[in-house]
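Residue numbers (my numbering), protein chains in the order written: chain A, 3 to 466; chain B, 3 to 466.
To be clear, the hints were calculated from the coordinates, so they are not data collected in a lab. Take these hints with a grain of salt, some might be off.
Stated by the list, open to error - To give an idea of the interface, some chain A residues facing chain B are shown, with a C-beta separation under 10 Å as derived from the structure: (1) 17; (2) 198; (3) 199; (4) 209; (5) 336; (6) 340; (7) 354; (8) 372; (9) 376; (10) 378; (11) 389; (12) 398; (13) 420.
Stated by the list, open to error - Taking lysine to any residue and the SDA-like style, the derived pairs with C-alpha atoms no more than 25 Å apart in a straight line are: (14) B:347 with A:375; (15) A:340 with B:201; (16) B:347 with A:254; (17) A:347 with B:209; (18) B:267 with A:353; (19) A:137 with A:102; (20) A:340 with B:209; (21) B:34 with B:64; (22) B:374 with A:395; (23) A:374 with B:397; (24) B:103 with B:72; (25) A:347 with B:261; (26) B:340 with A:255; (27) A:267 with B:397; (28) B:340 with A:202; (29) A:62 with B:375; (30) B:374 with A:203; (31) B:347 with A:353; (32) B:267 with A:329; (33) B:374 with A:102; (34) B:374 with A:397; (35) A:34 with B:375; (36) A:340 with B:263; (37) B:374 with A:363; (38) A:340 with B:260; (39) B:347 with A:140.
C-beta: ideal position from N, C-alpha, C; glycine also.
Residues per chain are reported as follows:
Protein chains: 2
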Amino acid sequence: MSDCTFIIFGASGDLFKRKLFPALYELIAHKKVTKCAIVGAALDDTDMATLIERSRDFIKGSINEEVWEHTKACAVYQRLNFARKDDFVALKKRVENIERKLGLSGNRMFYFAAAADFFCELTQNVAAAGLAQKKGANEYPWHRLVYEKPFGHDLAAAKDINECIKQHFDEVQIYRIDHYLTKEIVGNIALVRFTNCVFEPLWNNRYVDNVQIVLSESIGIENRGAYYDRYGATSDVVQNHMLELMALIGMEMPPQLTGECVREKRAQVLKHVSVVDGIFGQYDGYRQEENVESDSNTETFVAALLRINNPRWAGVPFYLKTGKYLHKKETRIVVKFKQVDCLLKACPRNSNYLTISIDPDSGFSLTLNVKKPGTAQEVIPVNMDFCHSCLFEPFPPEAYAVLLEDIVRGEHSVSVRFDEIEDAWKIVDDIKAKQFPLYTYQKKSSGPKELEDFNKKHGIRWLT
Amino acid sequence: MSDCTFIIFGASGDLFKRKLFPALYELIAHKKVTKCAIVGAALDDTDMATLIERSRDFIKGSINEEVWEHTKACAVYQRLNFARKDDFVALKKRVENIERKLGLSGNRMFYFAAAADFFCELTQNVAAAGLAQKKGANEYPWHRLVYEKPFGHDLAAAKDINECIKQHFDEVQIYRIDHYLTKEIVGNIALVRFTNCVFEPLWNNRYVDNVQIVLSESIGIENRGAYYDRYGATSDVVQNHMLELMALIGMEMPPQLTGECVREKRAQVLKHVSVVDGIFGQYDGYRQEENVESDSNTETFVAALLRINNPRWAGVPFYLKTGKYLHKKETRIVVKFKQVDCLLKACPRNSNYLTISIDPDSGFSLTLNVKKPGTAQEVIPVNMDFCHSCLFEPFPPEAYAVLLEDIVRGEHSVSVRFDEIEDAWKIVDDIKAKQFPLYTYQKKSSGPKELEDFNKKHGIRWLT
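Put together the whole structure using the sequences plus the hints.
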């Protein structure tokens, strides 16, 4: 454990309000950092107490008011223009002041909770002001830089950003993060696959019929119009969360289940992904959202058929589906197994499938056929369940709290390797180049009605 | 559905009290027979009302008093000496009387709830009195004869009994039954194995480490001393229930999941079983039980190591364990899978296993390793559960009720084929010939303490 100054760029934004401050509070409440300071920076004319109070509703469980007040007491806000170098010099003074005042050792985490367009500029200005210095793995106090997903908006941009930040800092200081990878259930996927004997023999094109990865959101773009309209669903969640999940399902067995070995195997999957077909959707009313172009063709929904071209997965379709303003909030992976030969008079309608639930509840469920009670020759589907959320009292740790703690500990496996990001962008660029048709859909529906034709065309039966 | 006269030999015994009458009541209450008569026959000087009232405590759920009284009204008791031919002639008159009185068509089920020693004599006397006639599959009214397990007390006796009854009746009239096979969960084993894609690839010596079949009873021999002392645990439950379970686990895929195809595949398993080693136990105080020899060496406990010598199971030990007066009542099958290569710093202690619970609760449970919450490199075992009992409201049908209903319907798959019985007796004779050492054990314990040495010798780790 070490102390740390958290410097958050974009502290007046949604991410700070919903995720980062609640995560910082959790770290402090659970004594995961010895001492810390929080320095928020953004363009808005506000103050830290106001920003912090906005987070109250996003704290899980009851708030310990003593810890809450203590957390507020070690947090300051600094107005700052991302483009103005002088502001970074002023920020540096502020940081040094609070570190001195609180007796901190000078470990600093720079969290860029901003659009990727600003990553290069922010990094350059942080470097120019001497807020952070280039340091090796064992140089203290440490300076670490954290880049929120998505890293860039296409392959070319991602490369440019990476070039830019590598000029100023060492790879060991750079964290390109996807908070999905720190979710307990997501971290569980590789462990469950490779520490149990019962999955690996089934985990291939001989037994798997298809894989479905679905990330449904019931909310819209909220006040992120400017960002979202430029990115769309594909860059916002497919490029990172969904392709990471696909890589975890598709990866080969690593020699060890360490972060680096798993990342290596994940990266290899993405190198062999091809895009077959897809369909885009945009929810009705999207063009009227604030900061969205009135003739925007940005997709808020995407369903796509992908393949992994290697011996294990040859012939197995991977279906991805995600959207805003759908009728439910749910993130799930379904591994659908093949039908067995029918040995009954009344053949089973369903073959087995394993559901990995990620959100809102997490767990595993295996859908099996069993004898229909009181009959000899009929089966019904039932579930064998394991509730992962239930392992945690009162609830699983917040992914962002795990993330921040891991970065404080210098755990590099929470960072996505740049080659993985590159390969994910290649896939996204491929999706965009294919120019899938765009259809409107009603809010709170299950997507555009044209999805049915797409399903028919490819024989898709969604199970989630 | 058809009407039926149930003629129960041994109606004053435990089986009638605990199982058969409650099953008959269930059939009538659930209208599984249109009309019926119950004729109890035994040596005791008693009456039907008394015998029926003894069953009250063994009815599941609340009793419908109207049905209860109706059931009593169509039941009569006839004193009868199994050896006296005249008694059977009297019984015939009684049966004809009640059938006439109740307007029954003359379908008759003869249930021999007696020791196998009486099977031949009973059958001969039933035939001689003309109570039952030799009839083909489609001759009505039908006459069916039901022989409780165990069928004989060794291979030679079983063959003699079979020869005897085949002289008088057609195979299609003969039901050698094991009520275990009519338990919903037991009937489920073959269906679950062969209507799901996820089991068969794992169900062999490449992935299965061992199979454990355990039938623990918490009660003693009760008032069955004379019978039990002659049979012992091996003939009482291993020969039938446990070897049938082993056959269901070990069987190859049948071309169809019909009763006959499953029986054929079950039978093939028993032909390839060999006995490796074992240990006997006798509970302390057994020799003082009523009708037990004071120097009896009858085993009330047996643990044995068996093998199935075929390509699928070569090298996989099958462990069987059963006993009276143990610390718990439980029937379970455990399929223990092999350990995977360890890819973690902290290797998983347990490999996966599938538990099939049969008694007292029924269901499936798969024990898996998952990430220990909050750690990256440790796993803990958790269960994925499916509660089979829960499918039934308010409880699963009584095995004997299913059995009687199946026999009324002429469903022959509830009958064990004679070659299966022969092969099971060969295995039991082999166990007896091996003269396992006999040790005393305390009541309510987990068996003789010498079991530990046996476990060590064979590297056995019981999971149930």
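Item checked: Hints that the structure is at odds with (numbers, increasing) -> 1, 5, 13, 14, 17, 27, 31, 32, 33
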